[in-house]
Each structure stands twice: as structure tokens, then as C-alpha cells.
Amino acid sequence: MTVPAIEADALGKRFGRRAAWALRDCSFRLPTGRVCAVVGPNGAGKSTLLAIAAGLLAPTDGTITVLGTDPASARPRVGFVDQDKPLYPQLTVDETLRMGADLNPGRWDADTARRIVAGGDLDPGKRIRALSGGQRTRVALALALAKRPELLLLDEPMADLDPLARHELMGVLMGQAAAHGTTIVMSSHVVAELEDSCDHLLLVGGGRVRLAGEIDDLLAAHTRVSAPAATDLAPHDVVESRTTGRQVSALIRPSGPLPGDWSTGAPSLEELVLSYLRNPEALTPADTLEAAV
Amino acid sequence: MTATLTAPATTDRPAPSPRQLRWLYRLHRPALLTGAAITLLLGAALLWLGGPLTDASAAAWKEYNACGFSPTCAYDQSSILLYKDVYNYTTFAVLAVPFLVAAWAGGSLTGREMESGTARLAWTQSVSPARWLASRLAFPAVLTAAATGLLVWLHRLAWTAADGRVDTALSWDHFPTFYANGTVPVALALAGLAVGVLTGLLLRRAMAALATAAVVLGALWAAVHAALPHLWPAVTEVSRLGEGPLGSGIWVGEGILTADGDRLAAPCLSGGIPGCGSTLADLGAVSFYRDFHPAAHYWPLQLVASGALLLVAVLAALTAFRLLRHRTGKTTG
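As you go down the protein sequences, you meet chains F and B in turn. Using the numbering used here, the letters of the first sequence map in sequence onto residues 1409 to 1701. Using the numbering used here, the letters of the second sequence map in sequence onto residues 45 to 377.
Because the hints were derived from the structure by calculation, they are not lab data. It is possible that part of the hints are untrue.
[As the list claims (entries may be wrong)] Okay, derived cross-link-like pairs now, EDC-like style, lysine to aspartate or glutamate, Cα gap no bigger than 20 Å in a straight line:
{"#": "1", "chain 1": "B", "residue 1": "Lys374", "chain 2": "F", "residue 2": "Asp1417"}
{"#": "2", "chain 1": "B", "residue 1": "Lys374", "chain 2": "F", "residue 2": "Asp1502"}
{"#": "3", "chain 1": "B", "residue 1": "Lys374", "chain 2": "F", "residue 2": "Asp1469"}
{"#": "4", "chain 1": "F", "residue 1": "Lys1534", "chain 2": "F", "residue 2": "Asp1502"}
{"#": "5", "chain 1": "B", "residue 1": "Lys374", "chain 2": "F", "residue 2": "Asp1478"}
{"#": "6", "chain 1": "B", "residue 1": "Lys106", "chain 2": "B", "residue 2": "Asp217"}
{"#": "7", "chain 1": "F", "residue 1": "Lys1534", "chain 2": "F", "residue 2": "Asp1568"}
{"#": "8", "chain 1": "B", "residue 1": "Lys106", "chain 2": "B", "residue 2": "Asp211"}
{"#": "9", "chain 1": "B", "residue 1": "Lys106", "chain 2": "B", "residue 2": "Asp120"}
Quantities reported herein were computed from a predicted structural model and do not represent experimental measurements.
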């Protein structure tokens, strides 16, 4: 069995003894080589989860292993881009990259860094404080990617980018993943942003993992159905159901063959995610999908 | 997405350690240049004080003392006043340096990095939080110790040059002079650095940490000052009732001794004054006593006080390391 990129077991985090749990009872396993989307509403615990994996926060509860070891030991092999893209404002773009080279001795790939920065038409002599949000994102990504990480953790990486830059940098990331087998984990609250590029999903809501698994498997395990209003949907697991007029439409996890008079369809990823987020009480298929992974 | 896992070539080889010093210097270059300028200017002022100003003031005092009661007498009063002013300003400047260090350490060295998130940027390069913190304590500590050490040495030189030649030169036990002549400012500056770094990590706000570090250092110094008389065994001088308590230096306590050897508070300080003598006799006093530190206790007091401050510095630094490890998690492997 290969070493998973991230394996979390009953992971929990709260900031202060009396504070609410930012993350609670999270268990999941992310195999290497995947591009994983961490999706959830604002404040769901996505950033906390990524910061724990990056060795920036110690969990309050549970355990996490990153690349087969603890996050602190995995530090040189993990890249991280913070949501706010912090950079030293007084340094120039060029200095920032040289700092990356000095702080990551033996790992730094100067060509990658230069290529990513050059794609944004950035003056290397310009100071970070004079850059736009999107330009800063580009420099932050260059720092993280030139480290040649085996695991790349990106917290809302694309939020500040225009569609063109987003498309280009997503291409760079995917190229990196394909060429080096880098595992990429990126969070977003915009599902559409991730649908085309990601093959693994981690759905976080209310500090818990609601769904985890290969996107294809998750989609295959769910069906959109509509049936006459009085129909009993049991024994199938109902994620969400809505009655309109004489019809009930629902998203279910079929537990067997469906009756022939139901009309069925495959849900989109966005429908799946939204259904789970709208229905915090819906049962999560953690056990069934764990086996599939 | 399928991809063959290519193991990076670097995993087996122990990675060389990150070169942090150059970037610490680059990030804090304005502070370093400012600090160097302050040290040089203050050092130059102290050399000026100990050389030409002391000579001019000593010459003026010689003229003044030669005047006697002659009604027409000229002496260089401005030299005397200039010496006094420059002495006071430089002494207070030397004593202010630790506060600048504390404020800078809290505000800029850790507080701003925590506030802006750049500390997290450093920790997700190949620099562990412990190493990041170590670099932010070690290199500034060396520079701080060197700069403050130089300043107190120059201050001591200037003070020694005036001793016995300038009539208004301050005595060793005048408190600002006492502190600025010894090792306490060096220890205070190092404690300021450690306390500043810790408050920056704790508060995660640059301005709050800057102010808190300076206030905490002030409280620390006040505590050391309050404890100072008790940091070394005092000397007791016993004097006759007619003389009043005797002995000069850093005062610890005084009173009267009874025939049984008991120490009582003195209701008045001279047996020669009518009324006082009978009061003292009623109490059974046989002599006055005074506990104090003579000039010979200068270095023991300085070194014990400095030692206590260095202990605080070490504790603050250890707390900072523990805090960071508690927050970011430790290596188990």
C-alpha cells in the first residue's frame, strides 16, 4: 500500500478551551497524486484543516499524518499558499524569489519560479507592496511551486485572479501535478472553479467532513430522481428532497435498483455539493465510500 | 488524474540548512541602520563628553575654585553647564536603548510577522518555526549586546574621566549614573529583546506588542530597582547618638540600636537636638545604625541585577519556543 498524502483520524481543532470547535472529528484519507478540492461554505474549517496539514497549527484532538510522517517533519516537502498570500512587502519580486531559494536549499527550482512570475508580465524589480492582489497570488504560487513540493496545499488560491490568469495558473498547477506527481489540495467555496481540474473531493461543513472520495465515485453513488409526490423513497438514503406540486424530486444514494417509473438523472458536482450543504442533517456516506477509495 | 510518482532526488540527502541570516538582515535593514546610527552618534557624544567637555569643565572648575572670594573673577560657566547637560542627556539616552530594543523586537521582529502572516510564509518554506525563532533571537542578541556593551563602556570612561575633576560630576550611587555605568543596560536590552519577541508572538499585533514590550520592560526594571538594595549583603555602620546615622552609598535602612541589640525605627536623627536626646533615651537607644552599600559593592550589585535580568531573558525566550511549539505542533519522528 502506498503512503497516503494526508491521513486524518478524528482530527479536531479549537482555538481556546471554551471556543467552539473549528474542526471536529475529521477522518479522511487522501491518496498521493490526486488533485483534491476542499469545498465548503465560509467558516467551515477549510483553512484550519489546511493549516494543520501544513504544520502551522497543532491539532487539539486526533492525529494527522502528511506524506507518511507528522506535518512538522514533512515541512520541506510540503508547499502552502495562505489565503491572504502574505509576502514581505518591502522585498522586490526578484528578492522574494531569491529568498525562496535561500530558505529552501537543495529543493529550489528557479526556472519554475521565473516562468510563473514571467507569465504575469511582472517587473522583477517591483516591490511586493506595489503589486495587485492577483500579482501577489502569482508570486506566492511561484514560491510554493518552486519548492518542488510533493504535496501542495492551496487555500483559496484563485480568489484574486482574473479569469485569464486563473485559467493559466490552473494550467501550470495541473502541469506540475502531471509532471511530478504532486498531490494538490485546494480549497474554495466556488465549486465551479474546481470541477474541471479536481479528481478528489473533500466536502467540509460545520467543522466536519461531510463527503470524501473520488469525484467520479461520489457522482456515481448518487442519483437525481423525480417521482410522484406520495412515493416513499425508502430504503434509499435521501440527501435532499423537495416536493413541487405532484412531483417529489430528490437526490438519493440508491441502495438497490430503482423502480422503473421514477425518472432518474446524474447529478452535477455542484448539485451534489449544494444538496449536502443545504442539508446538514443528511447522512454522510463515509463508511461506504471509504471502502471505495 | 494518473501520474507516475517520481520521488524527488532530495529526500535522502540531508538538506543544507536554510540561509536565514541574509534575509533577516534584508528585512530589518532600516532598523539595523537606525540602530547603528544611534550607537555611533551616542558613542561619539560620550567620547566628546569624556574628552573635550570634561577637560573644559574641569578647567572651568579650577578657575572657579581659584577665585576664592574675589569679587572680580572670570570662569568659563558655559563649559560647566554644557558638560552637565550633555552628561544628563547621554546618560538617559544610554538607559533608553533597552526600551528601543524591546519595542522593536515586539513590534517589528515578531509582532508584525504574526500580524501580516509572513511568519507562516517563513514556516512553510523549509524553515521550522523553532529555527525561525532562533534566528530572530540569536543574531539580534549578539548585536544588541555589542551595541549596549560599547555604550556603557564609553559611558563609564566618560564618567571616570570627570571623577574628582568636575565638581558637579555625579557620584557612583546616583541612580541613572549607577545603571548607565555598569552591565545592567546590557542585560536589560537582552531581556527587552526576549520579552519583545514573546509579546509579539503572544499578541500577534505589531502596535500592541510594541507598547506592551516597552511597558513590561519598564516594570521589570522597576522590580529590579526595588530589589536592588537587597541583592547583596549590606554593610552596617554603627554611630554614636550624637552623630546621627553615618555611611554613604546606596541606602538600605537605618534606625537605633538598643542595649539588647534590638533594631528600632529612629523617631529622630540626632541626639544633639533637644527633645530628640530624651526620646532616644526613653527608647533605650545606645547608638544609631545604618545599612548601606558602599562603592565597593558596585560590581556585586550590578552583576547580580544583570544576572536576574538575564534569567528573565532566558525564561522569556524559552517560553517563546514552547509557545510556538505548542501552537504549531512538534516533530514526533
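Here's how the hints hold up against the structure:
Proximity of B/Lys374 to F/Asp1417 is assessed by CA-CA distance (about 18 Å); at most 20 Å being required, the pair is judged to hold. Restraint check for B/Lys374 and F/Asp1502: not satisfied, since their Cα atoms lie roughly 32 Å apart, outside the 20 Å limit. Between the alpha carbons of B/Lys374 and F/Asp1469 the distance comes to roughly 14 Å, so the proposed pair stays at or under 20 Å and holds. Between the alpha carbons of F/Lys1534 and F/Asp1502 the distance comes to roughly 8 Å, so the proposed pair stays at or under 20 Å and holds.
For the proposed pair B/Lys374 and F/Asp1478, the alpha carbon gap of about 8 Å is at most 20 Å, so the pair holds. Simply put, B/Lys106 and B/Asp217 have alpha-carbon atoms about 24 Å apart, too far for the 20 Å limit, and the pair is violated. Between F/Lys1534 and F/Asp1568, the direct Cα distance comes to roughly 19 Å. Compliance with the 20 Å bound is thereby established for this hinted pair. For the hint linking B/Lys106 to B/Asp211, the alpha-carbon distance of about 9 Å falls within 20 Å, and the restraint holds.
The straight-line distance between the Cα atoms of B/Lys106 and B/Asp120 is roughly 10 Å, inside the 20 Å bound, and the hint therefore holds.
Hints 2 and 6 from the earlier list are contradicted by this structure; the remaining hints agree with it.
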